[in-house]
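J.: I would like the entire structure built from these sequences, with the hints used as guidance.
Read in my numbering, the sequence shown has 360 at position 277, and its numbers run on one by one without any break.
Hint data in this document are derived by calculation from the structure and do not stem from the laboratory.
Just so it is clear, CB atoms sit at the ideal spot from N, CA and C, and this is done for glycine as well.
Some hints here could point you the wrong way.
As the list claims (entries may be wrong) - No farther apart than 30 angstroms at their CA atoms in a straight line, the calculated lysine-lysine pairs in the BS3-like style are these: (1) Lys281 / Lys185; (2) Lys607 / Lys296; (3) Lys487 / Lys570; (4) Lys529 / Lys575; (5) Lys338 / Lys96.
Claimed, not checked - Derived DEER-like restraints, expressed as beta-carbon distance ranges: (6) Arg683 / Leu87: 50 to 56 angstroms; (7) Gly222 / Lys86: 21 to 27 angstroms; (8) His583 / Lys86: 42 to 48 angstroms; (9) Pro283 / Arg579: 46 to 52 angstroms; (10) Arg683 / Asn566: 35 to 41 angstroms.
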Amino acid sequence: MRKLALSDEILLKIDKPARYIGNEINSVMKEPSKVKTRFALCFADLYEIGMSHLGIQILYDMFNQREDVWCERVYSPWTDLDAIMRRENIPLFALESQDPIKEFDFLGITLQYEMCYTNILQILDLAQIPLLAKDRDWGYPIVIGGGPCAYNPEPIADFFDLFYIGEGETVYFDLLDVYQKCRKEGRSRHEFLIAAAKIPGIYVPMLYDVTYKEDGTIASFMPNVLDIPEKIEKQIVMDLTESYYPKAPVVPFIKATQDRVVLEIMRGCIRGCRFCQAGMLYRPTRERDLEMLKRTALEMLKNTGHEEISLSSLSSSDYRSLNELVTFLIEECNRRGVNISLPSLRIDAFSLDVMSKVQDVKKSSLTFAPEAGSQRLRDVINKGLTEEIILKGAGEAFEGGWNKVKLYFMLGLPTETEEDQKEIAHLAEKIAERYYEIPKEQRNGKCQITVSTSFFIPKPFTPFQWARMCTKEEFLGHAKTVNHEIKEQLNKKSIRYNWHEADVSVLEGLLARGDRKVAGVILKAYKNGALFDAWSENFDNEIWMNAIEHCGLSLDFYTTRERTADEIFPWDFINIGVTKKHLFKEWERAHQEQVTENCRQQCSGCGAACYKGGVCFEGQN
Numbered sequence: 084m085r086k087l088a089l090s091d092e093i094l095l096k097i098d099k100p101a102r103y104i105g106n107e108i109n110s111v112m113k114e115p116s117k118v119k120t121r122f123a124l125c126f127a128d129l130y131e132i133g134m135s136h137l138g139i140q141i142l143y144d145m146f147n148q149r150e151d152v153w154c155e156r157v158y159s160p161w162t163d164l165d166a167i168m169r170r171e172n173i174p175l176f177a178l179e180s181q182d183p184i185k186e187f188d189f190l191g192i193t194l195q196y197e198m199c200y201t202n203i204l205q206i207l208d209l210a211q212i213p214l215l216a217k218d219r220d221w222g223y224p225i226v227i228g229g230g231p232c233a234y235n236p237e238p239i240a241d242f243f244d245l246f247y248i249g250e251g252e253t254v255y256f257d258l259l260d261v262y263q264k265c266r267k268e269g270r271s272r273h274e275f276l277i278a279a280a281k282i283p284g285i286y287v288p289m290l291y292d293v294t295y296k297e298d299g300t301i302a303s304f305m306p307n308v309l310d311i312p313e314k315i316e317k318q319i320v321m322d323l324t325e326s327y328y329p330k331a332p333v334v335p336f337i338k339a340t341q342d343r344v345v346l347e348i349m350r351g352c353i354r355g356c357r358f359c360q361a362g363m364l365y366r367p368t369r370e371r372d373l374e375m376l377k378r379t380a381l382e383m384l385k386n387t388g389h390e391e392i393s394l395s396s397l398s399s400s401d402y403r404s405l406n407e408l409v410t411f412l413i414e415e416c417n418r419r420g421v422n423i424s425l426p427s428l429r430i431d432a433f434s435l436d437v438m439s440k441v442q443d444v445k446k447s448s449l450t451f452a453p454e455a456g457s458q459r460l461r462d463v464i465n466k467g468l469t470e471e472i473i474l475k476g477a478g479e480a481f482e483g484g485w486n487k488v489k490l491y492f493m494l495g496l497p498t499e500t501e502e503d504q505k506e507i508a509h510l511a512e513k514i515a516e517r518y519y520e521i522p523k524e525q526r527n528g529k530c531q532i533t534v535s536t537s538f539f540i541p542k543p544f545t546p547f548q549w550a551r552m553c554t555k556e557e558f559l560g561h562a563k564t565v566n567h568e569i570k571e572q573l574n575k576k577s578i579r580y581n582w583h584e585a586d587v588s589v590l591e592g593l594l595a596r597g598d599r600k601v602a603g604v605i606l607k608a609y610k611n612g613a614l615f616d617a618w619s620e621n622f623d624n625e626i627w628m629n630a631i632e633h634c635g636l637s638l639d640f641y642t643t644r645e646r647t648a649d650e651i652f653p654w655d656f657i658n659i660g661v662t663k664k665h666l667f668k669e670w671e672r673a674h675q676e677q678v679t680e681n682c683r684q685q686c687s688g689c690g691a692a693c694y695k696g697g698v699c700f701e702g703q704n
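T.: Below, the structure written as C-alpha cells:
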C-alpha cells in the first residue's frame, strides 16, 4: 500500500482532497528502482483544469511507453493546501508515487496561458527547487517548459533550464537519451545543457545573451557558446495518424473541466485570422486518418467509461471526413448512451444539421464568433465571415429550434473605430430581428442573445504582433460604447452583454510580449502574494503594478507602443515555418482591408510548405 504524502488530518481539512491522492483509473504505476529516468509532468493550475489538457495526456502516455522512464503528474495545490504545505514544510509531490518532485530527474511544465506564470513559481517553491535556473545543480531536477507560451519564453527564461519549442512527440526521447548518457558519464549540469541545446527544438536560455539599444528594444540575441544554433526550429509531427495518442487516458476522481474523451481530429488551421496565434503556430494543417479516429474513439470510450466524446481541433468544419466521422459516432454513441460534443464548428447548414442530430436543441446554445461587428473590421482581421453568412446561419438555427445564441467579439482591434464598436450591438439586434421573423407559433419561447467581448492582445507570431494595445481606460471606454448602444436597441431585453476584465488583459499583453527583463516583475509579484492570477477572485492588479514600478519598467513600452517594421522581437530567434516577412505582408494587407484566401483556396506563401506535408501538399504528393 502506497503511503500518501498528506496525512488524513490534512486531507479532511482541505477542499476536494481527491485532487492530491492519485491512484485514478488508468494512472501508471512503476517500480522506481526499475526505471532510469523519472519525469514529473506539471500543469500549473488546478487538478480539474490540468486533467482536461490533451497535450499532457499525450505526453504521459508516450513517456510511460518507455520501460526506463516513469512519468507522473503534478498540479498546482489550491490556496488552502498551499498554506498548509508551507507551514508544515511538506515538499510538493507527484500524484502516482506521492514522492517529492525535487527527487525527480525532470520537471516538465506546460505553459498554456500567460496568467499561470506565478503558479510556475509556486510549483518550484513548494517543490523546494531554487526559483532561478542559475542557482540549481545536479541536486535538483531539470526544469523544462513547453506548450503555446513557450513560443515567447523570454519573460520566464530565468526560471527554466530549457524549453521544448513545438509539438512534444518528436525529440523528447532524444533529450532523455542525452540526459541518461551525460549522467552515466558523470558530466556536469552545464555540459548536459550544452548537449541538449544541440537537439533541434531545444532552447537553453542561459546559453544565449541579449543586448539592448538605448530605447529598450533588442539590439542582438546570440548564443554564448560554440556549435549551438542561432535559431531554434519548431518541432512538428507531420504524420499524425502514426504518432502517439492515448487510448486509455487517466480518469479523474472528481469532475474535471472537460469531463469527457477528447478526440483530436487534426492540427492547424487553414483560415489565417490575423489576431490568432494558434492559427500560425500550428501550420501546416494536418489531418488524422478517419479509420484511426474511429478505432481510437471506441477504445477510449471503452477504457474510460466517459459518457461524452468531444472532437478537438481549431476548426472542426475544415476536417474533410467530418461527415463520415460524425455519422459513425452518432450510430456508436447512441447505442452506448454517449453524448457528442462538437466545438469550433462554423455555423453553416451542414454544421447545424450535424448539431441537431447530436445535441438537445432545447438545452443548448449556439456559439458564433464574428470577432468584429462591422464588415470592414472583419476584413481587417481576415475573419472570412460576412453579415449575410452570419444571419443565414442564425436564421437556419432558429428555424431548427434553437433560441439561445452566444456571440463573441474582440474590442481594441487595429484600425477599430467607434462605429465598428457600435456595429456589435447592431449585429446582435439583426440576429434578434431574424428570430422574431419566425411566426410566433413556430418559435421556441423568447430569444436569448449573449454578447461577450474580450480585449484584443497582440500575440507573438501573428500579423498583429506589430500592433499597439489599448490602455485599460481605452478598453473600458470601448465596452461602455457597446453597452450603451445595446441598450438603445429595440430588442434590448433579448440581448445580454458581458465584457472581460481590462486590467487582466493589459497584464496578459505584458507577459505575452515581454522580454527577459519581465522575469523580475513576475518574481516580485509572486513574492508579494500574486498567485492563481487567472482566477478573478485571486487576481490583484495592484501587486503587479507595484512590481512593474519596483523593477523600473514601463508598462506602455510593452503594451501600447506600436512596433516598427525592423524591430527585433524577443521571440525572433524561433523559426515556426511561417516567415516574419509573410506576417508583415499580412499586417500591411490588414491596413488595406484586404482579405487573404484560406489555404485550400490559394497558397499565400506563408513559409509552412517547408515542412513538406499537410495542406501545403494536398493533391501534390
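J.: So which of those numbered hints doesn't the model satisfy?
T.: Failing hints: none at all.
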